[in-house]
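**Q** Same order as they appear, the protein sequences are chains A and B.
Going letter by letter, the first sequence gives residues 10 to 150 in our numbering.
Going letter by letter, the second sequence gives residues 7 to 168 in our numbering.
Mixed in with the good hints there might be a few duds.
Straight line, CA to CA, 35 angstroms or less: simulated DSBU-like cross-link-like pairs of lysine-lysine [what the hints assert, rightly or not]:
1. B/Lys99 x A/Lys88
2. B/Lys89 x B/Lys45
3. B/Lys99 x A/Lys37
4. B/Lys99 x B/Lys45
5. A/Lys88 x A/Lys37
6. A/Lys71 x B/Lys45
7. A/Lys71 x A/Lys88
8. B/Lys99 x A/Lys62
9. B/Lys89 x B/Lys99
10. A/Lys62 x A/Lys88
11. A/Lys88 x B/Lys89
12. A/Lys62 x B/Lys89
13. A/Lys37 x A/Lys62
14. B/Lys89 x A/Lys37
15. A/Lys71 x A/Lys37
These aren't lab readings, by the way, just hints derived from the structure by calculation.
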Amino acid sequence: MFDPYNNAYIVILRDEDQSEMLPIWVGKSEASSISLALESVAPPRPMTHDFMKGYLDAVNAKVISVVITDLNENTYYAKIHLTYEDSEYTVDSRPSDAIALALRSQAPIFANESVIRKQTSEELDQWLENLKPEDFGKLDS
Amino acid sequence: MQEHTSHTAESLLELTVDRVVEDPDTDTRILVLSRTDGKTELFMIWIGAAEGESIRRALDTSVTPRPMSHDLIKSFGEHFGVKTERVVLTDVKSSTYFATVYLESNGVTRTIDARPSDAIALALRCQAPMYVTQDVWDRRSGQNLDAWLSKLATKNIGTQEV
Numbered sequence: 010m011f012d013p014y015n016n017a018y019i020v021i022l023r024d025e026d027q028s029e030m031l032p033i034w035v036g037k038s039e040a041s042s043i044s045l046a047l048e049s050v051a052p053p054r055p056m057t058h059d060f061m062k063g064y065l066d067a068v069n070a071k072v073i074s075v076v077i078t079d080l081n082e083n084t085y086y087a088k089i090h091l092t093y094e095d096s097e098y099t100v101d102s103r104p105s106d107a108i109a110l111a112l113r114s115q116a117p118i119f120a121n122e123s124v125i126r127k128q129t130s131e132e133l134d135q136w137l138e139n140l141k142p143e144d145f146g147k148l149d150s
Numbered sequence: 007m008q009e010h011t012s013h014t015a016e017s018l019l020e021l022t023v024d025r026v027v028e029d030p031d032t033d034t035r036i037l038v039l040s041r042t043d044g045k046t047e048l049f050m051i052w053i054g055a056a057e058g059e060s061i062r063r064a065l066d067t068s069v070t071p072r073p074m075s076h077d078l079i080k081s082f083g084e085h086f087g088v089k090t091e092r093v094v095l096t097d098v099k100s101s102t103y104f105a106t107v108y109l110e111s112n113g114v115t116r117t118i119d120a121r122p123s124d125a126i127a128l129a130l131r132c133q134a135p136m137y138v139t140q141d142v143w144d145r146r147s148g149q150n151l152d153a154w155l156s157k158l159a160t161k162n163i164g165t166q167e168v
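Next up, chain B with everything else stripped away, as it sits in the complex:
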């Protein structure tokens, strides 16, 4: 748990998951986020393969025979009556993004520090909104995502770069 300054509604932009892309060079996934206000710019974050698959399953609303890790966290909330209220991408330091998950129970709000991948995997399962601060949005990578993706496609054919 961490103390966190509350963000005014004006400084937050709501996000939605556009897609999860595989990065064939590494054992990672690229989480592509877009804004819900119709702006076309994208935002991408490199995340682990397991977290990427978890987000993908949440998007597909596919059901696994056994609860996966983020399903289990959702299940805790359902048992306790704790609501995942929202998640906010709050900071970026040397390409590492930070997120805060807001939980609400009995009128009390509590926050947890999380990686964006865990925060978003949980938010999607709980239908909780996802936000990014204007500051983090302005400092994002992913402005040239299309160029990057086409480079990735070309690279797939040739030898792998390290």
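In isolation and in its complexed conformation, chain A is listed as follows:
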């Protein structure tokens, strides 16, 4: 979803029973990458996250899960859990890269409860109320 006020894109994560929503502001190219993965669009050439997935596939590494661990004002944190040669690894990343990679790896996406508590849902509701229909572009799936 495009955020016309901040000239940025928002990825909205929902929990399984649809009771919580977690908005994450991401850059344009990351939003486009996440959107392509959601729509299962295969671009003619591998995009950066397809290349990232290709890198992991080439060395036989698997993404087990990704966890959004902290959303501060300007710095967002996520962890990618992987297995490689029978060992587990945890790699620090931005949530946008973690989500784009998880969607391509059929890996689950989690958020720490503290992250969800921190994001007052009122803030998002208010923001959503101000949205006009034309703000909903292709990136809203």
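Chain A is fixed; fit chain B onto it per the hints.
**A** Below, chain B without anything else, positioned relative to chain A:
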């Protein structure tokens, strides 16, 4: 992963990134490559803005507060002990360039198909050499880069062409 014929050293030319130029008419960047053997001819490839900025950051060795996408790929390699050994620009079809990234771990080499922008953004972060095949070099665009750049500068002043 793809099967790839190995190129003999004789048919490969080593490249270095000369600069990344903005194309004000489109949301793209122009990656300007030059040869390490001192030849002055250049080679240019149109790439996405995000990939261009990623390459520019690698050249500046500027550090962002959070890892960007290519930093993350480099980080995977560091965690696993996988080395980005080299990248090769292997083909060009209707102005689209193809690259292969060579990874090495435990004595095994694996290859990945990539766009040149991703391959080079990763290679620069891993201090891996970058090559182009003689064939792709001979078919490159960018021979008249200087003329093109001055045209670009003029165009900036006037109205935008589509």
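**Q** Please go over all the hints and tell whether each is borne out by the structure.
**A** Checked hints:
For the suggested pair B/Lys99 and A/Lys88, the alpha carbons sit about 38 angstroms apart, so the restraint of at most 35 angstroms is broken. Using a Cα cut-off of 35 angstroms, the hinted pair B/Lys89 and B/Lys45 holds, with the two alpha carbons roughly 29 angstroms apart. In summary, the hint linking B/Lys99 to A/Lys37 is supported, as the alpha carbons are separated by about 28 angstroms, within the 35 angstroms threshold. Distance restraint check for B/Lys99 and B/Lys45: the Cα-Cα separation of roughly 25 angstroms lies within the 35 angstroms cut-off, and the hinted pair is therefore satisfied.
Only pairs whose Cα atoms come within 35 angstroms are accepted, and A/Lys88 paired with A/Lys37 is accepted, the gap being roughly 21 angstroms. A threshold of 35 angstroms between alpha carbons decides the hint, and for A/Lys71 with B/Lys45 the separation of about 43 angstroms lies outside it, so the pair is violated. Proposed proximity of A/Lys71 and A/Lys88 is supported: the alpha carbons are some 14 angstroms apart, at most 35 angstroms. Distance hint between B/Lys99 and A/Lys62 is fulfilled; the C-alpha atoms sit about 24 angstroms from each other, no more than 35 angstroms.
Annotation: proposed proximity of B/Lys89 to B/Lys99 holds, straight-line Cα distance about 29 angstroms (limit 35 angstroms). Taking the CA atoms of A/Lys62 and A/Lys88, the gap is near 16 angstroms; set against the 35 angstroms cutoff, the hint holds. A hinted pair counts as satisfied when its Cα atoms are at most 35 angstroms apart, and A/Lys88 with B/Lys89 qualifies at roughly 22 angstroms. With a C-alpha separation of about 16 angstroms, the suggested pair A/Lys62 and B/Lys89 falls inside the 35 angstroms cut-off, and the hint holds.
With a C-alpha separation of about 20 angstroms, the suggested pair A/Lys37 and A/Lys62 falls inside the 35 angstroms cut-off, and the hint holds. Note on B/Lys89 and A/Lys37: the hinted pairing holds, with a Cα-Cα distance of about 30 angstroms set against a maximum of 35 angstroms. The straight-line distance between the Cα atoms of A/Lys71 and A/Lys37 is roughly 26 angstroms, inside the 35 angstroms bound, and the hint therefore holds.
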